[in-house]
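Count the sequence shown with UniProt numbering and you get residues 1 to 293, in order.
Take the hints with a grain of salt, since some may be wrong.
As the list claims (entries may be wrong) - Computed list of lysine-lysine pairs in BS3-like fashion (alpha-carbon distance at most 30 Å, straight line): (1) K32 with K256; (2) K59 with K183; (3) K32 with K164; (4) K183 with K164.
To be verified - Listed next, with one range per pair, are the computed distances between beta-carbon atoms: (5) S66 with L21: 15 to 25 Å; (6) L82 with R177: 30 to 40 Å; (7) R272 with S66: 29 to 39 Å; (8) D273 with E249: 15 to 25 Å.
Note that these hints are calculated values from the structure, not bench results.
Every residue, glycine too, gets a C-beta built ideally from N, C-alpha and C.
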Amino acid sequence: MRAYTTAHLRVDLPQGHPFPLYKYQGVAEALKGLLPILPAPEVPREALHLAHRPEYVEKLFTEGLSRQESLRLGLPFSPSLLRRALFAAGGTLAAARDALELGLGLNLSGGTHHAYPDRAEGYSLFNDVAVAVAWLRREGFRGRVLVVDLDAHQGNGTAVFFQKDPTVFTLSLHGERNYPLRKERSDLDVGLPDGVGDEAYLYALDEALEIAQAFQPELVFYNAGVDVLKGDRFGRLGLSLEGVRKRDERVFRMVKTLGVPLVVVMGGGYNRDPRLTVEAHAGTYRLALSSLA
Numbered sequence: 001m002r003a004y005t006t007a008h009l010r011v012d013l014p015q016g017h018p019f020p021l022y023k024y025q026g027v028a029e030a031l032k033g034l035l036p037i038l039p040a041p042e043v044p045r046e047a048l049h050l051a052h053r054p055e056y057v058e059k060l061f062t063e064g065l066s067r068q069e070s071l072r073l074g075l076p077f078s079p080s081l082l083r084r085a086l087f088a089a090g091g092t093l094a095a096a097r098d099a100l101e102l103g104l105g106l107n108l109s110g111g112t113h114h115a116y117p118d119r120a121e122g123y124s125l126f127n128d129v130a131v132a133v134a135w136l137r138r139e140g141f142r143g144r145v146l147v148v149d150l151d152a153h154q155g156n157g158t159a160v161f162f163q164k165d166p167t168v169f170t171l172s173l174h175g176e177r178n179y180p181l182r183k184e185r186s187d188l189d190v191g192l193p194d195g196v197g198d199e200a201y202l203y204a205l206d207e208a209l210e211i212a213q214a215f216q217p218e219l220v221f222y223n224a225g226v227d228v229l230k231g232d233r234f235g236r237l238g239l240s241l242e243g244v245r246k247r248d249e250r251v252f253r254m255v256k257t258l259g260v261p262l263v264v265v266m267g268g269g270y271n272r273d274p275r276l277t278v279e280a281h282a283g284t285y286r287l288a289l290s291s292l293a
């Protein structure tokens with residue numbers, strides 16, 4: 001068992017920018033000694049072309065993003081940003097291959113679920129899960145795929161990627177009034193009110209996972225964003241650390257019941273207390289290892 005990280009990569013950001021680069025190094029440090037943590041490999045450009053519009057991919061490599069497009073992304077475009085996105089997507093693809101071989105794949109990055117086939121949004125240049133699924137299909141995997149997206153924000157890009165694909169079921173449990181303001185249609189969307197706490201959240205999750213389980217997937221991707229924690233700068237929900245643990249426990253129990261491979265990607269986490277963000281993310285990966293490895 002191993003995990004992949006982009007902690008060794010830096011991004012040129014303006015001083016005070018809220019993107020939480022600190023957490024990638026923090027989570028890798030927190031998991032040291034539990035398993036090998038490897039630098040994520042770069043995703044093949046061919047894999048990007050299988051999922052994203054080729055003209056969008058080539059634009060990123062030649063022109064980059066305009067000022068307006070960077071505003072939609074929420075990050076200033078730079079070669080370092082593109083480089084990091086390539087390795088984050090490569091980590092998810094490597095983790096997906098591990099999952100099919102070993103039963104569990106871990107990327108300590110990824111979960112960039114706001115990227116559309118033809119554009120960047122919400123800190124997401126490439127949709128790493130869509131890229132990984134497209135490449136696995138090319139390699140011959142034909143099984144049903146379930147995407148469990150429990151980031152605080154709807155996986156709008158992911159929903160669009162798979163809306164016409166009956167072999168992929170997308171579940172998004174998110175803040176109803178949070179970003180993105182215009183939601184896309186997942187196979188199952190569960191919108192929650194601002195400030196929802198552990199009990200109501202877990203009740204909604206139990207119902208959603210029961211529906212998703214009936215799809216009988218043969219591979220599961222789990223976007224384990226911890227921006228659901230109370231005190232997150234952007235999440236607007238109200239879970240405790242124990243609530244996040246119980247959330248993860250339910251997902252891993254479902255995967256174990258189904259007896260299928262699981263890929264875990266990091267997703268969002270922007271708590272006002274950076275230690276909580278790192279602790280919650282690291283807790284997800286520890287629990288995955290103890291439950292499924």
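Review point. Which of the stated hints cannot be reconciled with the structure, identified by number in ascending sequence?
Key: Violated: hint 3 alone.
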